[in-house]
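S.K.: So the sequences go chain by chain: G and P. When the count follows this note's numbering, it moves up by one through the first sequence with no breaks and lands on 334 for the last residue. When the count follows this note's numbering, it moves up by one through the second sequence with no breaks and lands on 954 for the last residue.
If you're looking for bench data, these hints aren't it; they were derived computationally from the structure. Heads up, the beta-carbon is just placed ideally off N, CA and C, and yes, glycines get one too. A couple of the hints might just be wrong.
To be verified - What the simulated footprint calls covered on chain P by chain G, stretch by stretch (three residues with Cβ under 8 Å from a Cβ of chain G suffice, anywhere in the stretch; the number is not a length):
(1) 521-533
(2) 782-794
(3) 820-832
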Amino acid sequence: MNETVAITSKLGTDQRNALEQVLFFNANQHRMRNGIEHSIQTYGVPAIYEQDGLLRIRVGDIQGVQSLFAVSSQGSPVGAAVFLRAAHERFVVLHLVVAPRDAAGDDTNTPVLLKLMHGIRSAARRTRGVDRIELLYKEHNPMRLHGSLRLEG
Amino acid sequence: MAAYVQNLGLESHRFDDLKSVLACATPARSGDELAGIAASTNARRVAARRVLADLPLKVFLQEAVVPYESDEVTRLIIDGHDPAAFATISHMTVGDFRDWLLSHPVDGALLASIANGVTPEMAAAVSKIMRNQDLLAVAAKIRVVTAFRNTLGLAGRLASRLQPNHPTDNRDGIAGSILDGLLYGIGDAVIGINPATDNLATTIELLEMLDAIRSRYDIPTQSCVLAHVTTTLRAIERRAPVDLVFQSVAGTEAANTGFGINLAMLAEAKVAAETLRRGTVGDNLMYFETGQGSALSANAHHGVDQQTLEARAYGVARVYRPLLVNSVVGFIGPEYLYDSKQIIRAGLEDHFCGKLLGLPMGCDACYTNHAQADQDDMDSLMTLLGAAGVNFLIAVPGADDVMLNYQSLSFHDILGLRSLLGLLPAPEFLDWLGRMALLDDRGRLVAPAESNALLQRIAP
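Isolated chain P (complex conformation) (with noise of 0.2 Å):
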């Protein structure tokens, strides 16, 4: 294992391995200080980006963050590796594939055909010497289409996920949540409830709820119960109607151990779930939620940085062809991601490297109530991330969950930004709104009328 050094005016900066390269180039968070393995300071941060831009891309096929032998993600990527794909970029260092990437040669035409020659170290090592500007820029030349009752992805459209947690997991409120969201125009991307309590009984009754009202209104979307993976295949077993399998997933193998899961298990649970064939213009349907900091916070770390880990929690993703990839980027808190600064960051980078990687980027613009944070990033978020083409947005009635308590957007924000961004729900769901007489007859979103069919059903 080499040893890294770069000379700074009068000042030596030795790098021990790789993944102390990459710590030190990342820019600051509260996370990888609290792992111990940040850069000490600014001249050193900026010695170890010297270091990255001048590391061959196959320096990263060479030398595994993580032990290759003891970790069963760091194999699904070296043996995924596809070399044909890698040819393109194979003489580059990391500083030639940023200015690559942002050359206007270079379309997301070119960019999907390298997808699978590119390693989630290799992502994250070019971010890091990437201004938020330059992730904004390659990640919009980047459309990543998949479909299942709708299509998402394409160009001109911004999904949303429509999420009506309760507390109790009551359904009269989840109901309302949800005939909220709808009227919004939300809930292309999924409607999916994040149960309060993870068992069977209560999946499948939500489950079962979720397709009644999706059927009762002929509804192109998808519905989900975030259970645990296992919860889910045991639901699949008993025939309820699942959509999408939903699964936390991580960078190491330790990290998803403590997730309670395993890349075969993922495999079960996707295969079961294909045998159900209840998508209708599409076959993609695992959902995955991440998020930096997840390796961290279990001790699973590594040494690596958190950054470079949720790139490999897209190694693992991108291996299940999902439906929707979300990045939960300030939910798991500021020990992690500390202010909006380091939260905004973050939303950037994950949306970069999972669209390099070939996945359909979504994003959880969101906080939690102890950060240094507030609404106002959200919308800075949001904006960004909207014109960087993120697939699709979380929402939540209020931009409040008041059962995973924590700050996201709300509904309007949602109408709000594809308002200024010009941009549109999936084909599928907008066709929906105005056969629900939900849209004027310039295609925007109107208050319905009391006798829309919508509130129809649900008076008393």
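Here chain G stands alone, though its shape is the one from the complex (with noise of 0.2 Å):
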């Protein structure tokens, strides 16, 4: 986890093919091909789109979707998390990919989506009302933040 990648909302719009890769022509896809799927059937298409001088995604017609970016050193995504607040006390992670990468047997992804993970965790915490995030790539499984957690404004 020595290599400096941050977590971040923003991302130019000079990394929209990048992001293409990333998103929708990612190597790993056919692993996670059933949440993937349930994910479109569920809530929609994913579509990248450009506002304001930065790329943003959208699922479906949905409102409120939100994403994160993992992000390398060099400014390019590595990985990107999508999610929303499907109920008051709900997150519910739509999609979150990490870019395949060639690192002679290192388990390079595994850092980048912890820090997804904690990112989405973080977003969950500042967000009244929140108490557990459901990941649908993990079987509709949710996690609780804590087991009695109360979030303060």
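Since each chain comes alone in its own frame, lean on the hints to assemble the complex.
M.R.: In structure tokens form, the structure reads like this:
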């Protein structure tokens, strides 16, 4: 986990091709095929669009979809998370992707994944009332943020 | 603030401050890596441990890892330090302290006498230069006995929390799980429900339900609804039957703020619960839960490693003389403890540090569904903790908490561990199991007869 990867909600439009590669042409897509299909059937197809000079991701015509990007030290996306507050107490992670990387056997994807999860968790903790996160790719098993956590504003 | 330097071969390792030494000396874990404070190489980790081993314990009284001025947990730790209790070990380095802890003459009574002289940071520091075996050996010397409606923590005993959670707080579902657990001899530490929703009406309903069951069968145990401390305070004001006050606590003021609490709030709740005078054999009535990574997940870690912050959470807990302190070790997820190796190590560290600080430590040997762990790993952890003398473990029906969505231990796991290690439930609870005809003539748990009072009461 030594490589510098930052988590941000802002990604410049010059990274559109790179984000498309990560999100739509990911060589590991088949590993999560059932989860991806379920997400699309339930919530809609994700699409990249531009707004105020930044890249955004929408899903179908759902309002309130949020994105986080894992960005390498060169500024290119190496992962993305697309999530939604689907209910008062619940975030649903619609898509969670990490770029396949040539790392000579090193597990460089896991740290990126954990950073994205931490980013989603932080967003959830900042949102009053949210106490669980559901990963669609993980067979609907929601994670509780804490056993009896009550969030204060 | 001093920098620390250690030469290893041709490499020189510099650590800017004490918290950097502590972070780099910690066995590898995903949370510290996520925070960007872990040792970048194993060599650097060894260098940090060498620095740590040579540090005088007094350094931890002089250099706060979280600023005194801005953190009430630090103020609690520093202001509450007992110099007289510290005198026995005040001349030692961290390395000396480790060797002393492991030496034969140092027994439980001596360790109890120094507990208030040990700060959480000292406990965390020494644990970082101890192997798992060392953590077991020292913790096993320490008995921390507490009492409310029964007596917990005695030698040769292993208590358990019966955790009958239900995704919708359905009363019948909860009652079924309670009955199931009692028939397995579970529930002497507490019968404790995590409510699906934290509101006053539900909390009071569940408290009254638990109290009715406990009273009807005259069960010598305590009940708890694990609502937020402010909800419990309001329940006490309504004269609800509150035995224990529960709260999650963390090792920094900012993380506790994230939990919606502060130290004054905990003190107020303790005093309020004491006025109810519901304990029969003791007055320990606080129940705290903690977990490595809670401060990081709230972005409130101040650059301090998660294990040191966990020990600081124990520094908070001990002020309130709790009945139970539970490290929910694998609950928060792989972002903080990645796999079974990290979960097991953390569980042993937490138990050791808590006991060293004088706390009645229990553990929820558990993992989330997206962690690299399984039930065999939980078997390993519970067995190690049993050998280390853990006060209690958590158990849920089928090891699967269908409300909190994580995997823990089953009722049967507790029975198996008691049998394996020759451990018994709390004495008052054991007597009750006998009165309920749930023990055979050798004191072993048996299946109830159809005429058993517990079964008769729920018959249609």
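S.K.: Please write out, lowest number first, the hints stated earlier that are contradicted by the structure.
M.R.: Those not satisfied: there are none.
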